[in-house]
Amino acid sequence: MNQWIGFFKKEWFESVKTYKLLLVLCIFGFLGVLNPFTAKITPVLMENLMPEGTVINLPDPSALDSWLQFYKNVPQLGLVVFILLFSTMMSKELEKGTLIILLTKGLRRSTVITVKFCLALCYWTLALTAAFLITYAYTAFYWDQSNLHHLLFAASCLYVFGILLLAVTLWGNTFFASSYGGILVTFITIIALFTASIFPVDVSWNPLELFTVPAKLLTGETAPADIWLPYILSIGVAGCFLWLTVSHFKKKLL
Amino acid sequence: MVVQIEGVTKRFGSRTVLQNIDLDIPSNSVYGFVGANGAGKTTLMKCMLGLLPLNSGTITVAGERVTFGETPSNQYIGYLPDVPEFYPFYTAHQYLELCAVITGMPEKDKKPRIEELLTLVGLADTSSSISTYSRGMKQRLGIAQALLNRPKLLICDEPTSALDPAGRAQILAILQKAKEETTVFFSTHIISDAEQICDHVAMLHEGKIIFRDDLRTLQRQFQDQFVFRFTIAAQQAKNQLQHTAFQMECRDNELIVRLSDDASRLAFMTELTKQGIILESMHPQTRQLEQLVLEVLE
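Chains as they are written, first to last, in my numbering: chain A, 58 to 311; chain B, -16 to 281.
Hints were generated in silico from the structure; no laboratory data involved. Treat the numbers as computed from the prediction; the structure is a model and nothing was measured. Backbone N, C-alpha and C fix where the C-beta goes; we use that ideal spot for every residue, glycine too. One or more of the hints may lead you astray.
[Claimed, not checked] Have a look at the derived ranges for each label pair, beta carbon to beta carbon:
| # | chain 1 | residue 1 | chain 2 | residue 2 | range |
| --- | --- | --- | --- | --- | --- |
| 1 | B | Gly21 | A | Leu190 | 52 to 60 Å |
| 2 | B | Ser114 | A | Met107 | 52 to 60 Å |
| 3 | A | Val73 | B | Asn3 | 23 to 31 Å |
[Claimed, not checked] Simulated crosslink set (DMTMM-like; lysine to aspartate or glutamate; CA at most 20 Å straight-line):
| # | chain 1 | residue 1 | chain 2 | residue 2 |
| --- | --- | --- | --- | --- |
| 4 | B | Lys29 | A | Asp117 |
| 5 | A | Lys153 | B | Glu68 |
| 6 | A | Lys308 | B | Glu53 |
| 7 | B | Lys93 | B | Glu80 |
| 8 | B | Lys94 | B | Asp108 |
| 9 | B | Lys221 | B | Glu232 |
| 10 | A | Lys66 | B | Asp108 |
| 11 | B | Lys121 | A | Glu152 |
| 12 | B | Lys160 | B | Asp182 |
| 13 | A | Lys309 | B | Glu90 |
| 14 | A | Lys66 | B | Glu80 |
[To be verified] Cβ-to-Cβ under 7 Å is the rule here; a few derived chain B residues that face chain A:
| # | residue |
| --- | --- |
| 15 | Leu32 |
| 16 | Asn57 |
| 17 | Val84 |
| 18 | Thr86 |
Let's have the full structure, built from the sequences with the hints guiding it.
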């Protein structure tokens, strides 16, 4: 356990020293502010951008608009940047050879993978929490949020989807041991999920649902019970990818 | 024997890098492992650390058999790679603390051991981060981390190859000192380094050990030899001395003569005077190992 904590401290120290913490807080903090701000300013902008004399009837912005912005900006901007930031977790160490000394000192290979995954998970939790809390507070300042459904559960869908992508990225990055390996595998996975979602099925299993369902959850159109399968499946698949990464790394020639 | 290597073969695809290697490394000695670049020295070292799987054969370190992956035998080994890479944001002290945690060193031993090693390698007064270190400083830190858990075997892969003469001398002095508490196994293609500090030498060529011996035994083969240079060509001098019983050989316009005792040395000098051959220089045969290596490579 000491070894695990010692290596985790090193990972944390490194992420702080390489400005990862600062970057994540700035990006997700900015996104948190951007969501209600965009919702508030959009009708004003529309009015100003329309040709003079044009009459448009835009409904007043609401808390729902702010959260819809959240589920557009955080996955499409935030998660992409986040995956890019953590896409070289393993390859950087493997390419530079910094792990060799520690591994020959008895550092367990499973420790390396689980620590790196846990650190990325901590960062993802921190990032999403920061964006969520800022959006919540800023939205509450302008609008009433009591009419929104499953606010926390909707955010947890995005959280679980992020965990799945992190596990896939870590596997790709370890397997190919190159900076592009992780990104490529993640990109291919998303394409595959999109392709699979084209085919209609009675009960959706596709983890991509977690990416699209939050808006329906907020309006109450979908209930949490309707998406238990993709939810559980995503957690299970993320666990499998983590196990595959550990198992592959244990056999990797260094 | 701290290390026993028996019949080790390692192939990468169809290419055989190590072929039926047998090698025993005695305790508390400095064992030089010489060979040209690409001879397979690093591969054998990585096999000893369990970083590469073997195709056949066995390696035993301190009685523990080496297995691929997380081998328990590594608890007896300290390893210095050819280009040691550290986390640049750490100081030497912080890095050694991380290594101490990884090796599971007791809390009370950490501080004194780290201080002791930083003093040994001359980094005790350096508080800057590793990113500012020179190549020589990194090598010295590499030795410190390798010695941290008082290993029974210190494996150093080309520790002096990219250093200037002052840096090389420092590293060799540290390795010589390390011999007091451990066995040093180091690879090099700089033969003079091996000659300077090794007790035993093995040479790897095209995946095979082509010689291994006590360095003194190797040197003994040459210790009776003297190199003469004359004002005339060495071949001409040899022709003039042809009638004598001395064993002579011409090499690079120098005459190499085997003179095993004082009497024969005096007799040879008398013969030179008699023949009117004027001596320009004379010295005992040196660079023995290098010569042996060159002969083998030829």
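How the hints compare with the structure:
Separation of Gly21 of chain B from Leu190 of chain A is about 58 Å and conforms to the stated range, judged on CB atoms against 52 to 60 Å. Between Ser114 of chain B and Met107 of chain A the beta carbon distance is about 55 Å. The supplied range of 52 to 60 Å therefore holds. About 51 Å separates the C-beta atoms of Val73 of chain A and Asn3 of chain B, a value inconsistent with the hinted range of 23 to 31 Å. Distance check on the hinted pair: Lys29 of chain B and Asp117 of chain A sit about 68 Å apart at the alpha-carbon level, beyond 20 Å; violated.
Between Lys153 of chain A and Glu68 of chain B the alpha-carbon distance is near 7 Å, which keeps this suggested pair within the 20 Å criterion. About 10 Å separates the Cα atoms of Lys308 of chain A and Glu53 of chain B, which keeps this hinted pair within 20 Å; it holds. Distance hint between Lys93 of chain B and Glu80 of chain B is fulfilled; the C-alpha atoms sit about 7 Å from each other, no more than 20 Å. For the hint linking Lys94 of chain B to Asp108 of chain B, the alpha-carbon distance of about 15 Å falls within 20 Å, and the restraint holds.
Taking the CA atoms of Lys221 of chain B and Glu232 of chain B, the gap is near 8 Å; set against the 20 Å cutoff, the hint holds. Distance check on the hinted pair: Lys66 of chain A and Asp108 of chain B sit about 25 Å apart at the alpha-carbon level, beyond 20 Å; violated. For the given pair, Lys121 of chain B sits about 18 Å from Glu152 of chain A by alpha-carbon distance, which is consistent with the 20 Å threshold. Proximity of Lys160 of chain B to Asp182 of chain B is assessed by CA-CA distance (about 13 Å); at most 20 Å being required, the pair is judged to hold.
Restraint check for Lys309 of chain A and Glu90 of chain B: not satisfied, since their Cα atoms lie roughly 32 Å apart, outside the 20 Å limit. Of the supplied pair hints, the one linking Lys66 of chain A and Glu80 of chain B holds, its CA atoms being roughly 11 Å apart against a limit of 20 Å. Hint status for Leu32 of chain B relative to chain A: holds, with the closest Cβ pair at about 5 Å, below 7 Å. Nearest Cβ of chain A to the Cβ of Asn57 of chain B: about 5 Å, under the 7 Å cut. The hint holds.
Against a cut-off of 7 Å between C-beta atoms, the interface hint on Val84 of chain B holds, since the closest Cβ of chain A lies about 3 Å away. For Thr86 of chain B, the interface hint holds, the least distance from its beta-carbon to any beta-carbon of chain A being 5 Å, beneath 7 Å.
Hint compliance for this structure: hints 3, 4, 10, 13 are broken, all remaining hints hold.
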